[in-house]
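> Whole structure, please, built from the sequences with the hints as guidance.
Number of protein chains: 2
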Amino acid sequence: MNRETEELGEFELIGRFFTRGGRAAQGAEPGADGVLLGIGDDAALLRVPPNSDLVAAVDTIVAGRHFLDDADAEAIGHRALAVNLSDLAAMGATPAWATLALTLPRADARWLTDFSRGLFALADRYEVALVGGDTSRGALTISLQLLGFVPVGSALRRGGGRAGDLLAVTGSLGDAGAGLALAQGRIQCPDAVATAALRRRFDYPTPRVEFGRLARDLASAAMDLSDGLVADLPKLAHASRLQARVDVGRLPLSPALRTLGLPDADIFHWALGAGDDYELLLALPREHRGRLEAAAVRCGVELSVIGELVPGAGVHWTRHGAPYVPSATGYDHFR
Amino acid sequence: MNRETEELGEFELIGRFFTRGGRAAQGAEPGADGVLLGIGDDAALLRVPPNSDLVAAVDTIVAGRHFLDDADAEAIGHRALAVNLSDLAAMGATPAWATLALTLPRADARWLTDFSRGLFALADRYEVALVGGDTSRGALTISLQLLGFVPVGSALRRGGGRAGDLLAVTGSLGDAGAGLALAQGRIQCPDAVATAALRRRFDYPTPRVEFGRLARDLASAAMDLSDGLVADLPKLAHASRLQARVDVGRLPLSPALRTLGLPDADIFHWALGAGDDYELLLALPREHRGRLEAAAVRCGVELSVIGELVPGAGVHWTRHGAPYVPSATGYDHFR
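Order-wise, the sequence lines are chains H and C. Quick note, the first sequence lines up with residues 3 to 337 if you use the numbering used here. Quick note, the second sequence lines up with residues 3 to 337 if you use the numbering used here.
In case anyone wonders, no lab produced these hints; they're calculated from the structure. Any given hint could be a false lead.
One copy or two, it doesn't matter: identical chains are merged, so the pair holds either way.
As the list claims (entries may be wrong) - Cut-off 25 Å, straight-line C-alpha distance, at most; resulting in silico cross-link-like pairs (SDA-like, lysine to any residue):
| id | residue 1 | residue 2 |
| --- | --- | --- |
| 1 | Lys237 | Gly33 |
| 2 | Lys237 | Arg18 |
| 3 | Lys237 | Ala111 |
| 4 | Lys237 | Ala165 |
| 5 | Lys237 | Pro32 |
| 6 | Lys237 | Leu216 |
Here is the structure:
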C-alpha cells in the first residue's frame with residue numbers, strides 16, 4: 003500500500019500528523035510551554051501565567067473562500083494559524099496554545115504532511131503548542147482557536163483611541179489582493195520577482211506578533227485588517243467614538259505593487275478593500291510616535307501614519323486634500 | 003422583505019443572533035462571568051480564577067455525520083455545545099467560555115433563530131458565555147471551542163486509574179444509537195413514548211457536567227463516551243496501563259431501549275458501539291464508591307458499576323462469566 007496516498011483512520015491521523023513529543027509535562031507541573039496535558043485526553047489542561055489575562059480568538063478558513071481550491075496544503079496550514087496570530091497580535095498578546103478543528107473530505111497522507119508542515123513551521127516560530135483538536139469528514143473547513151495572554155489590564159482594544167491620536171498601519175496594503183488577482187489570472191505581470199512577492203503575500207501572510215507586543219504599552223487602540231481598511235477602520239472609529247480622517251495618498255504601497263503599473267483606482271481598491279494583508283491598524287498618542295517607530299524598526303516592520311482621530315463619527319477619506327470616495331467595500335462572507 | 007427568510011450580512015448575523023447584552027464588563031475588571039471583553043474585538047479577553055488550571059476542548063459537528071441532514075436547527079445548536087460540555091465534564095471542569103466557528107451555506111434567519119435558541123438554552127443552564135466566533139460561508143460545519151477551569155492539579159484524566167478500581171458509567175447506554183436508528187427508519191417501535199424518549203436522547207444529549215465536578219475528587223480517572231464504550235474503554239485502560247474487565251450483562255440499559263424488544267445483539271451493538279450517549283466512564287477507588295453513588299443521586303444521574311481495572315492490558319469482555327466478543331467497533335470518521 004502506498005503510504006503517501008492511503009486513507010488513514012482518525013486516530014492514526016492525529017497521532018501521525020498532529021501529536022508531537024514535546025515540551026509538555028504530563029504531571030502536576032506544566033512544561034515550559036504551560037501545557038499540563040496536550041492532545042490525547044478529553045480536553046487540554048493549561049496553566050495561564052500569573053497576573054495575566056487570557057486572550058482567545060477563533061477563525062475559520064474555507065476552500066474557495068479564504069484560499070483557492072488548488073492552494074498548496076502547506077500554505078493552508080500556514081494561513082489557518084496566521085489569521086489567528088494576527089488577531090492576537092492586534093491585542094498585543096503573546097500566543098501560546100492552539101486547538102485545531104479539521105474537517106476533511108478524505109484523510110490523504112500527502113496533503114496532511116504538507117498541511118501540518120505549514121502549520122507547525124509557523125507554530126514553532128511563535129512557540130505555539132497545538133494542544134487539542136478534532137478531525138471530521140466533510141467539506142474542507144479549518145477552524146483554529148488560539149489562546150494567549152497579556153499582563154493583566156494591558157490588552158490593546160479597538161475602543162481605546164483618543165482624539166488627536168495618529169492612525170498608523172504596519173507593512174504595506176494591497177499586496178495580498180493583487181497576489182490573489184495574479185493567482186486567479188485576473189491580472190498579469192511581466193515581472194516574475196514582483197509576481198512571486200505579491201503571491202507570497204497572499205499565500206503566506208505574516209502576522210505582526212512581535213510588533214503587536216511592543217505596541218501594547220504605546221498604542222491606544224489596535225485591530226488587524228482582516229476585512230480591509232475600508233471595512234475595519236470604521237469599527238475602530240466607532241469603538242473609540244471618534245472620527246477617523248485618512249489621506250489615501252499616505253497608504254503604504256509596496257514596490258512590487260507599484261511595479262504592476264496599474265491605475266490608481268485598482269491599487270487603492272486592493273489597498274482599501276482586500277483583507278488578506280493581515281497588517282495592523284493602530285491609534286497612537288502623538289507623544290509615543292517616536293518610540294513606536296523605533297519598535298517597528300526593531301521588528302523589521304514598516305510603520306506608516308495615514309491619518310488621525312478627531313471628534314466626530316465615521317471615516318473621512320481624502321486625497322490631495324479633497325474628499326475621496328473608496329470604491330471598495332470590504333469583505334463580507336454573506337453579501 | 004420577509005425578515006424570516008432573508009439573507010443577512012455577516013455582521014448583522016453576529017449582532018442579531020450571537021451578541022447578547024450581558025454580564026460582561028467592558029472595563030478593567032471582569033464581570034461575574036470572568037469576561038473582560040466578549041464578541042466585538044479581535045479576540046476575547048478573559049480572566050481565569052486564581053489557583054485554577056485552564057481546560058480547553060474543541061469539537062466539530064458536521065451535517066450528515068454528527069446529525070441528520072434534516073435535523074432541527076435547535077437540536078444542532080444544543081449538540082454543538084453539549085459535545086464539548088461532555089469533554090469538560092470528563093475532566094471534572096467548570097465550563098465558562100465558548101467560541102463558535104460557524105460555517106453556513108447561507109445566512110437564513112429562521113435557521114439561525116432556532117440554532118441560537120438551542121445553543122443559548124444549554125449555555126444558560128451551565129452559565130457558559132459565548133465570547134467570540136467566526137462566521138463563514140460553506141458547507142454546514144460547526145466547531146465550538148469550550149474553555150473552563152479546575153482547581154490547580156485536580157483535573158480528572160484518563161490515565162489515573164489504579165489496579166482494583168471499579169469501572170462505572172453514568173446514565174444508560176445505547177439509547178442514542180437506537181434513537182438514531184428510529185429517526186432514520188432503520189427500526190420501528192409501536193410505543194410512541196419510548197420512541198420519543200430514545201429520539202430525544204440522540205437529539206438532545208445531556209452532558210454530565212454537575213456529576214463530573216462532584217466526581218473530580220472521588221474518581222481516579224474519567225473520560226466521556228463519545229466514540230462508544232468499545233472504542234473508548236481501551237483508551238482509558240491504555241492510559242492507565244491496566245486491563246479493563248467488563249461484564250456486558252451489567253451495562254445500564256434504559257426501559258425505553260428494552261421496550262423495543264430487539265435481540266440482545268442489537269441492543270449491545272448500540273450500547274457498546276454508539277458514541278452519541280455522551281455518558282461518562284469512570285474509574286473509582288472502591289472506598290469512594292458510596293460517596294460517588296451519593297453524588298450521582300444528588301445530580302439525578304444513575305451510576306452503574308460495569309467492571310474493574312486489573313493488572314494487564316487491553317479489555318476483557320465477559321457475559322454470564324464467559325468471554326464475549328463485541329460486534330461493534332466504535333466510531334471512526336475516516337474508516
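> All the hints need checking, so say for each whether the structure fits it.
Tested hints:
1. Lys237 - Gly33: For Lys237 and Gly33, the Cα distance is within 25 Å only across copies (24 Å; inside one copy 39 Å).
2. Lys237 - Arg18: between (42 Å within a copy, 17 Å between copies)
3. Lys237 - Ala111: between (42 Å within a copy, 24 Å between copies)
4. Lys237 - Ala165: Cα proximity of Lys237 and Ala165: one copy only (15 Å, versus 58 Å across).
5. Lys237 - Pro32: between (39 Å within a copy, 23 Å between copies)
6. Lys237 - Leu216: within (23 Å within a copy, 44 Å between copies)
Every hint from the earlier list agrees with this structure, and none is contradicted.
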